[in-house]
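Knowing the structure of chain A, use the given hints to seat chain B on it.
As a plain string of letters, each chain reads:
Protein chains: 2
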Amino acid sequence: MSSADILGYAAGALTAFTFLPQVIKTWKSKSAKDISLNMFIIAFVNEIMWLVYGFMLDNWVIILTNAVMLGMSGFMIALKLKYNHQ
Amino acid sequence: MSSADILGYAAGALTAFTFLPQVIKTWKSKSAKDISLNMFIIAFVNEIMWLVYGFMLDNWVIILTNAVMLGMSGFMIALKLKYNHQ
Numbered sequence: 137m138s139s140a141d142i143l144g145y146a147a148g149a150l151t152a153f154t155f156l157p158q159v160i161k162t163w164k165s166k167s168a169k170d171i172s173l174n175m176f177i178i179a180f181v182n183e184i185m186w187l188v189y190g191f192m193l194d195n196w197v198i199i200l201t202n203a204v205m206l207g208m209s210g211f212m213i214a215l216k217l218k219y220n221h222q
Numbered sequence: 137m138s139s140a141d142i143l144g145y146a147a148g149a150l151t152a153f154t155f156l157p158q159v160i161k162t163w164k165s166k167s168a169k170d171i172s173l174n175m176f177i178i179a180f181v182n183e184i185m186w187l188v189y190g191f192m193l194d195n196w197v198i199i200l201t202n203a204v205m206l207g208m209s210g211f212m213i214a215l216k217l218k219y220n221h222q
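From first to last, the protein sequence lines stand for chains A and B.
For the first sequence, the residue numbers in my numbering are 137 to 222.
For the second sequence, the residue numbers in my numbering are 137 to 222.
In isolation and in its complexed conformation, chain A is listed as follows (with noise of 0.2 Å):
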C-alpha cells in the first residue's frame, strides 16, 4: 500500500464518524433546535447516491463509508424531528 492508500483509507475512516459526536450530543441533551434539518436531509440523499456509487463500482471501502454515515444522518433526522422544539 502506497502512502497515499494508507491516507486516503485513514481519512475514509474518520469521514464515517464524522456525524457520532453530533448524535451523541443531539441524544444526550435532547435539544436540536439549532440543528439544520436540511443538512441532515441532504446528507442521507447523498449517502443513498454514494452507496449506489459503491455497488456499481464494487468498492467496499465507499459502501461500508456510506452505509454508517447513512445510519447516523437518519438517526440524526429522527432526533431532529423529536426534540426540534426543546
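Quick caveat, the hints were computed from the structure, so don't treat them as lab data.
It is possible that part of the hints are untrue.
One copy or two, it doesn't matter: identical chains are merged, so the pair holds either way.
Simulated pairs of lysine-lysine, BS3-like, Cα-Cα distance not exceeding 30 Å [claimed, not checked]:
| id | residue 1 | residue 2 |
| --- | --- | --- |
| 1 | Lys164 | Lys218 |
| 2 | Lys161 | Lys218 |
| 3 | Lys216 | Lys169 |
| 4 | Lys218 | Lys166 |
Relative to the frame of chain A, chain B by itself:
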C-alpha cells in the same frame, strides 16, 4: 463518461454543499448551542487529510470538494464559538 462517473460527480458536488444549510441557519439564527463543536473539528481535520490525499493523487474533484467543505467547517467552528451561549 459512464453512468457511474456521472453519479460520482453528482454525488461529489452535492457532498461539497452538505454543510451549507447549517451555515445559513446558524448565521441567521445566531444560535449554536445544540451544534456539536467536535463534529466540525473532526470534519475540518478530515478535510485537510482529504486535501493532502487529493494533491497526492492530483485529483481536482477531491481537492475542490474538500476545499469547499474545509471552508464551511472552519466557518461553522467560528460560528459555534461565537454563538455557543445564545
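Hint by hint, work out which the structure violates, then give me just those numbers in ascending order.
none
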